[in-house]
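Residue numbers (our numbering), protein chains in the order written: chain H, 5 to 239; chain Y, 16 to 807.
Heads up, some of the hints might be wrong.
Stated by the list, open to error - DEER-style ranges, computed between Cβ atoms: (1) Y:LEU29 / H:ASN121: 29 to 39 Å; (2) Y:ALA358 / H:ASN219: 56 to 66 Å; (3) H:LYS130 / Y:PHE307: 48 to 58 Å; (4) H:SER177 / Y:ARG26: 32 to 42 Å; (5) H:LYS218 / Y:ARG18: 53 to 63 Å; (6) Y:ARG18 / H:ASN204: 31 to 41 Å; (7) Y:LEU29 / H:GLU127: 42 to 52 Å; (8) Y:LYS462 / H:ASN25: 23 to 33 Å; (9) Y:ARG792 / H:SER33: 53 to 63 Å; (10) H:GLU127 / Y:PHE307: 53 to 63 Å; (11) H:ASN121 / Y:ALA358: 35 to 45 Å.
Claimed, not checked - Here are the simulated SDA-like cross-link-like pairs (lysine to any residue), alpha carbons at most 20 Å apart as the crow flies: (12) H:LYS64 / Y:THR337; (13) H:LYS83 / Y:LYS793; (14) Y:LYS417 / H:ASN143; (15) H:LYS83 / Y:LEU343; (16) Y:LYS323 / H:THR105; (17) Y:LYS414 / H:SER224; (18) H:LYS83 / Y:ASP253; (19) Y:LYS417 / H:ARG216; (20) Y:LYS665 / Y:TYR766; (21) H:LYS83 / Y:LEU410; (22) Y:LYS323 / H:ASN143; (23) Y:LYS793 / Y:GLY450; (24) H:LYS140 / Y:THR337; (25) H:LYS140 / Y:ARG18; (26) Y:LYS27 / H:GLU110; (27) H:LYS83 / Y:ARG26; (28) H:LYS83 / Y:THR337; (29) H:LYS120 / Y:TYR409; (30) Y:LYS519 / Y:LYS531; (31) Y:LYS417 / H:LYS232; (32) H:LYS120 / Y:TYR766; (33) Y:LYS81 / Y:ASN207; (34) Y:LYS417 / H:ARG192.
The hints are simulated quantities; they were obtained by calculation from the structure and are not laboratory data.
If you're wondering where the values come from, they're calculated on a predicted model, not measured in any experiment.
The C-beta atom is built at its ideal place from N, Cα and C for all residues, glycine as well.
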Amino acid sequence: MSKELINFNNVRKTYSVGEKNFDALSGASFTVNKGEFVVILGPSGAGKSTILNLLGGMDKATSGEIIIDGKDISKLTPKEMTHYRAENIGFIFQFYNILPTLTVIENVELINDIVKNPKPAMEVLKRVGLEMHAGKFPNQLSGGEQQRVSIARAIAKNPLLLLCDEPTGALDSQTGVEVLKLLKEQCRSGENTVVIVTHNSLIAEIADRVIRVKNGKIRSNELNTSPKKIEEVEW
Amino acid sequence: MLRRKLFREIRKNLSQFITILLMVMIGVMAYSGIEAYMAGMTIAADDFYRDNNLQDLNVMGENFTKEDLENVKKLDHVKNAERKLEINVINSSDNDKGFLASFIETNEISKFYVYEGKPFDPESKGAWVNKYYAEANGLKVGDTIKFKYDTMEIEAVIEGIIHMPDHLYTIRDEAALLPNFNEFGFIYLSYNAIPEEYIRDAIMKKLGIEDEALLKVFMPDINYKEYIPYNYIMVDVDEKANVEAVRYAIEDNIGSALAIIKAEDTVSYSRYQGEIDEGKGFVGIFSGLFLFIAVLSVITTMTRVIKKQRIQIGTLKALGFTDSAVQLHYIGFGFWVSLIGAALGLLLGRFFIGGVFMKLEMDFFELPNNGAIIELKSYIVALLVVLGISFVTYLTCRKQLKENPAETLRIELPKVKSGTLGFTTSKVFRKLSFGVKWNIRDIIRNKIRTVTAVVGITGCCVLIVCALGMLNSIDNFIKLQFEELYNFNYKITLNQGLNKDETKALTDIYGEYTSKTLGIEIKNPSGEREANSIFVYDAGEKIRFKDKDDEFMQINRDDGVYITVRLAENLNLKVGDTISWHVYGSKEFYDSKIVGFNRDPQSQIITATRTYIESLGLEYLPDSIYTDMDLKGQKDIKNVESVQDIATMKNDISGMLEMMRSMIIIIIAVAVLLGVIIIYSMSILSYSEKQYQFSTLKVLGFEDSMIRKIFIKQNNWIAVAAIILGLPLGRALTGWLFTICLEDTYDFSTYIHPLTYLLGAIGTFTVSFIVSQFLGRKVNGIDMVSSLKSNE
Numbered sequence: 005m006s007k008e009l010i011n012f013n014n015v016r017k018t019y020s021v022g023e024k025n026f027d028a029l030s031g032a033s034f035t036v037n038k039g040e041f042v043v044i045l046g047p048s049g050a051g052k053s054t055i056l057n058l059l060g061g062m063d064k065a066t067s068g069e070i071i072i073d074g075k076d077i078s079k080l081t082p083k084e085m086t087h088y089r090a091e092n093i094g095f096i097f098q099f100y101n102i103l104p105t106l107t108v109i110e111n112v113e114l115i116n117d118i119v120k121n122p123k124p125a126m127e128v129l130k131r132v133g134l135e136m137h138a139g140k141f142p143n144q145l146s147g148g149e150q151q152r153v154s155i156a157r158a159i160a161k162n163p164l165l166l167l168c169d170e171p172t173g174a175l176d177s178q179t180g181v182e183v184l185k186l187l188k189e190q191c192r193s194g195e196n197t198v199v200i201v202t203h204n205s206l207i208a209e210i211a212d213r214v215i216r217v218k219n220g221k222i223r224s225n226e227l228n229t230s231p232k233k234i235e236e237v238e239w
Numbered sequence: 016m017l018r019r020k021l022f023r024e025i026r027k028n029l030s031q032f033i034t035i036l037l038m039v040m041i042g043v044m045a046y047s048g049i050e051a052y053m054a055g056m057t058i059a060a061d062d063f064y065r066d067n068n069l070q071d072l073n074v075m076g077e078n079f080t081k082e083d084l085e086n087v088k089k090l091d092h093v094k095n096a097e098r099k100l101e102i103n104v105i106n107s108s109d110n111d112k113g114f115l116a117s118f119i120e121t122n123e124i125s126k127f128y129v130y131e132g133k134p135f136d137p138e139s140k141g142a143w144v145n146k147y148y149a150e151a152n153g154l155k156v157g158d159t160i161k162f163k164y165d166t167m168e169i170e171a172v173i174e175g176i177i178h179m180p181d182h183l184y185t186i187r188d189e190a191a192l193l194p195n196f197n198e199f200g201f202i203y204l205s206y207n208a209i210p211e212e213y214i215r216d217a218i219m220k221k222l223g224i225e226d227e228a229l230l231k232v233f234m235p236d237i238n239y240k241e242y243i244p245y246n247y248i249m250v251d252v253d254e255k256a257n258v259e260a261v262r263y264a265i266e267d268n269i270g271s272a273l274a275i276i277k278a279e280d281t282v283s284y285s286r287y288q289g290e291i292d293e294g295k296g297f298v299g300i301f302s303g304l305f306l307f308i309a310v311l312s313v314i315t316t317m318t319r320v321i322k323k324q325r326i327q328i329g330t331l332k333a334l335g336f337t338d339s340a341v342q343l344h345y346i347g348f349g350f351w352v353s354l355i356g357a358a359l360g361l362l363l364g365r366f367f368i369g370g371v372f373m374k375l376e377m378d379f380f381e382l383p384n385n386g387a388i389i390e391l392k393s394y395i396v397a398l399l400v401v402l403g404i405s406f407v408t409y410l411t412c413r414k415q416l417k418e419n420p421a422e423t424l425r426i427e428l429p430k431v432k433s434g435t436l437g438f439t440t441s442k443v444f445r446k447l448s449f450g451v452k453w454n455i456r457d458i459i460r461n462k463i464r465t466v467t468a469v470v471g472i473t474g475c476c477v478l479i480v481c482a483l484g485m486l487n488s489i490d491n492f493i494k495l496q497f498e499e500l501y502n503f504n505y506k507i508t509l510n511q512g513l514n515k516d517e518t519k520a521l522t523d524i525y526g527e528y529t530s531k532t533l534g535i536e537i538k539n540p541s542g543e544r545e546a547n548s549i550f551v552y553d554a555g556e557k558i559r560f561k562d563k564d565d566e567f568m569q570i571n572r573d574d575g576v577y578i579t580v581r582l583a584e585n586l587n588l589k590v591g592d593t594i595s596w597h598v599y600g601s602k603e604f605y606d607s608k609i610v611g612f613n614r615d616p617q618s619q620i621i622t623a624t625r626t627y628i629e630s631l632g633l634e635y636l637p638d639s640i641y642t643d644m645d646l647k648g649q650k651d652i653k654n655v656e657s658v659q660d661i662a663t664m665k666n667d668i669s670g671m672l673e674m675m676r677s678m679i680i681i682i683i684a685v686a687v688l689l690g691v692i693i694i695y696s697m698s699i700l701s702y703s704e705k706q707y708q709f710s711t712l713k714v715l716g717f718e719d720s721m722i723r724k725i726f727i728k729q730n731n732w733i734a735v736a737a738i739i740l741g742l743p744l745g746r747a748l749t750g751w752l753f754t755i756c757l758e759d760t761y762d763f764s765t766y767i768h769p770l771t772y773l774l775g776a777i778g779t780f781t782v783s784f785i786v787s788q789f790l791g792r793k794v795n796g797i798d799m800v801s802s803l804k805s806n807e
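Please put together the full structure from these sequences, using the hints given.
Structure representation (structure tokens):
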């Protein structure tokens with residue numbers, strides 16, 4: 005549990021808008037250990053989604069180091085970045101981003117095309133409680149169910165990191181709790197490190213580590229020695 | 016899995032992909048169909064000419080002897096030569112029916128294509144009849160036909176039904192504009208079928224002997240077959256390049272040769288070739304336009320379809336799919352749909368457009384193996400269309416992939432330049448209604464979408480105006496020829512070879528308004544001779560002329576010749592220049608000063624007054640009389656070959672142009688279909704791109720009817736802009752087509768009836784309006800929540 009997985013070191017990300025530049029991140033640094041359930045907390049525009057994109061190899065840092073499992077991904081070529089995403093990262097988006105023309109099981113099996121040893125799709129669907137809906141199309145599912153498909157697709161890869169961008173943002177509180185439970189179980193089973201980006205401070209109460217971001221800077225990176233159980237939080 | 020996704024996406028957006036498929040299909044169908052028709056026409060004739068050895072030269076004279084034939088055969092580069100007696104004969108049982116009868120010795124040149132029956136047999140006394148006449152008259156092998164010429168009457172059993180390479184187009188005489196296979200065909204017989212009595216009588220008449228016994232005294236061992244008055248020698252030259260040399264050699268060495276016509280200058284060959292040339296110009300340009308408009312529309316549509324997949328592209332990238340895997344997946348969208356569209360287009364083009372156009376042509380032209388042929392070129396073009404669309408899909412996808420996945424996962428917002436904001440924040444703009452403001456902003460911020468829609472709809476409007484404009488111009492040509500230039504009720508065509516007294520007897524009855532057309536050769540600027548005609552005019556007000564400005568003019572100068580504007584352009588001649596010409600059968604050349612230009616819609620020839628021709632020492636014996644007398648029902652007038660009333664002539668030429676009209680109508684139908692599909696496709700894309708904004712407006716509390724009005728209003732603006740551009744462009748295209756594509760024989764000026772503009776405008780607007788109304792209804796069904804979510 006103590007082994008360092010992420011070392012986000014003095015990372016700067018600058019965007020150009022027209023002739024002006026603005027820093028989404030200005031020298032952000034933090035570390036995360038393997039197997040932690042991490043919540044990155046901050047208001048809109050703080051830079052938390054930028055952190056997630058950089059961790060997931062979806063964007064490149066302007067400067068600084070991003071060391072994941074001992075490897076600096078900020079130095080990777082686009083091709084290596086694609087490989088990194090395929091092998092190490094499972095994404096869970098706020099609006100699920102599952103492919104509407106594929107069935108539930110097909111959305112999970114999609115991973116088979118890019119990962120060498122994926123988990124069996126049905127097994128993963130059982131884990132998220134969707135085995136009965138395997139043949140359905142996304143538009144036949146509720147929002148929570150769609151998010152669970154997204155989780156199933158992410159964990160089928162057996163990734164090093166599960167990166168979740170406001171995973172409960174589009175869900176009602178009850179469904180949100182179920183989704184968080186799933187993510188927590190996934191983390192506790194020791195298979196994945198989970199990083200959740202959110203502005204919902206309640207989620208921080210169940211996290212092992214809480215990183216607070218504001219104006220592109222890390223305000224704090226604290227270990228939560230006594231995370232609450234999901235049931236204990238008043239959502 | 017991605018393949019499954021591909022086909023599901025296509026199924027999900029079926030109407031969008033069907034429109035793409037249809038656009039590719041129609042573009043390829045129009046192109047390959049028209050090419051198949053042109054290739055079918057060209058290849059069928061080329062094969063027929065080659066396989067059946069079409070003669071290179073026709074030598075015309077009055078009595079070609081065996082010695083003449085041998086002398087021709089001995090000339091350098093002559094491979095073979097055959098004599099032929101060609102005469103117009105009348106069906107014994109029906110005076111209205113007749114044949115062009117040919118009596119031949121051998122059949123090595125211009126060989127029969129035997130459709131049914133036996134090949135040519137010189138010993139046979141039977142007949143070989145052309146297929147179209149046989150079909151129209153229910154004749155078959157074994158039937159007997161009987162026909163007469165002068166004092167000769169022949170009864171022959173039909174030995175075969177044939178096609179002939181030098182009779183692709185058969186008309187009774189120059190006065191007939193159109194083949195009528197029910198009344199006129201061609202027939203071949205062996206020289207052995209000519210009755211000896213006929214030859215004997217002809218010899219006696221020539222020698223002025225009335226008693227047969229006397230002839231036997233003069234010519235006791237006469238072989239009548241040697242006195243057949245052959246009037247043609249068909250010549251087969253070893254190589255095309257030597258045809259001209261052989262022609263001059265015959266002129267110099269064969270005294271009895273009155274005229275030598277190259278195969279290319281015969282009516283049969285030139286009419287057929289004219290169709291091909293005309294087709295290549297007219298329909299060739301249309302086919303290219305169709306393809307261009309269709310492909311342009313498909314490319315823009317595909318680009319936008321792929322752009323709509325932005326979030327999914329981002330998701331696939333985020334999941335770890337490689338760029339090439341994503342690219343390959345999206346190329347599939349363009350590739351498979353356009354491949355199916357192109358394959359269907361090739362198939363339908365061959366059978367629908369090509370087949371129908373060929374059938375229309377084959378009502379007039381008679382030749383075997385005349386199907387439409389898809390050539391390699393069409394397959395290559397279809398493949399290029401598929402590859403082009405796939406390539407554009409690739410480029411669009413690549414553009415999306417170039418962004419990093421974090422960027423791709425966000426909605427692309429239109430880039431607004433501060434310059435454009437100037438107008439949309441001005442005082443005037445603020446006073447406009449909400450709908451107008453919304454649409455102006457939308458157009459300014461989505462310029463490419465607007466321009467694409469305008470270009471697509473303009474293209475359709477251009478095609479409609481152009482096709483209708485061509486119909487107008489044809490109708491205008493008929494009106495010009497038969498209501499303005501021809502100012503008589505009847506044209507009487509006289510028999511050939513009448514003497515002065517016989518002619519005078521006819522002009523005494525039917526009037527003095529006459530003309531004569533002489534076959535001539537003119538020297539072109541490079542010194543080569545080409546066939547033409549001189550119209551000797553003595554018809555007063557019965558024939559009128561127009562100048563190059565379409566104003567009536569007088570042909571009254573007796574010190575030179577008038578030539579048509581188009582001929583002058585082709586020969587690069589101007590008023591005051593000299594043109595050199597000679598009449599067929601005479602070797603004397605005349606150098607005539609050009610004293611004026613006239614514009615003639617259907618023949619590009621020289622015109623001269625009778626006085627001028629007589630001043631050159633040429634005898635004027637008219638071949639036509641023009642009259643307003645009532646000659647209805649009069650057929651058998653002595654020394655008269657035919658009597659045509661103006662209405663019949665007009666109908667004949669209308670019939671001839673009917674084929675072109677049918678082709679244009681098919682083109683219009685395809686243009687309208689393509690137009691509807693393009694407008695639908697553009698509108699549905701435009702709607703789906705605006706759906707998010709409409710759902711936002713709905714959320715804000717705007718009524719469905721108002722949103723619908725906004726949507727329809729913008730489409731109407733685009734349609735009006737397209738119409739404003741399309742109408743003058745349509746006119747310009749029609750003018751251009753008439754200038755560059757028409758056969759040299761014709762000189763149509765462009766005429767577009769105001770109704771055409773109105774139809775083009777109303778048609779385009781109506782289609783756009785109906786499609787907008789149809790799609791506008793969808794506003795009612797917008798699910799605000801899911802619409803907004805799906806765009807995030």
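For this session: Take a look at whether the Cβ-Cβ distance between H:SER177 and Y:ARG26 falls inside 32 to 42 Å.
Result: holds (37 Å)
Given the range 35 to 45 Å, decide if the beta-carbon distance of H:ASN121 to Y:ALA358 lies inside it. Roughly 41 Å apart at Cβ, these two residues keep to the hinted range, so it holds.
**Asked** Does the alpha-carbon distance linking Y:LYS665 and Y:TYR766 stay inside the 20 Å limit?
**Response** holds (19 Å)
Given the hint that H:LYS140 pairs with Y:THR337, does the C-alpha gap stay at or below 20 Å? Distance of about 27 Å is beyond 20 Å: violated.
Exercise. Do H:LYS218 and Y:ARG18 keep their Cβ atoms within the hinted range of 53 to 63 Å?
Worked result: Check failed, 46 Å falls outside 53 to 63 Å.
Exercise for review: Using the beta carbons of Y:ARG792 and H:SER33, state whether their distance is inside 53 to 63 Å or not.
Suggested key: holds (57 Å)
When you check the alpha-carbon spacing of Y:LYS323 and H:THR105, does it fall within 20 Å?
holds (14 Å)
Cβ separation of Y:LYS462 and H:ASN25, checked against the hinted range 23 to 33 Å = holds (27 Å)
Given the range 48 to 58 Å, decide if the beta-carbon distance of H:LYS130 to Y:PHE307 lies inside it. Given about 56 Å between the Cβ atoms, the range holds.
Hinted pair, alpha-carbon criterion (20 Å max): Y:LYS417, H:ARG192. Please report holds or violated. This hinted pair is violated, its Cα atoms lying about 37 Å apart.
Legend entry - Agreement of H:LYS140 and Y:ARG18 with the hint, judged by alpha carbon distance not exceeding 20 Å: Measuring from Cα to Cα gives roughly 18 Å; hence the hint holds.
Practice prompt. Given the hint that Y:LYS417 pairs with H:ARG216, test it: the Cα-Cα distance must not exceed 20 Å.
Written response: violated (32 Å)
In summary, the numbered hints that this structure violates are 5, 7, 13, 14, 17, 18, 19, 24, 27, 29, 31, 32 and 34.
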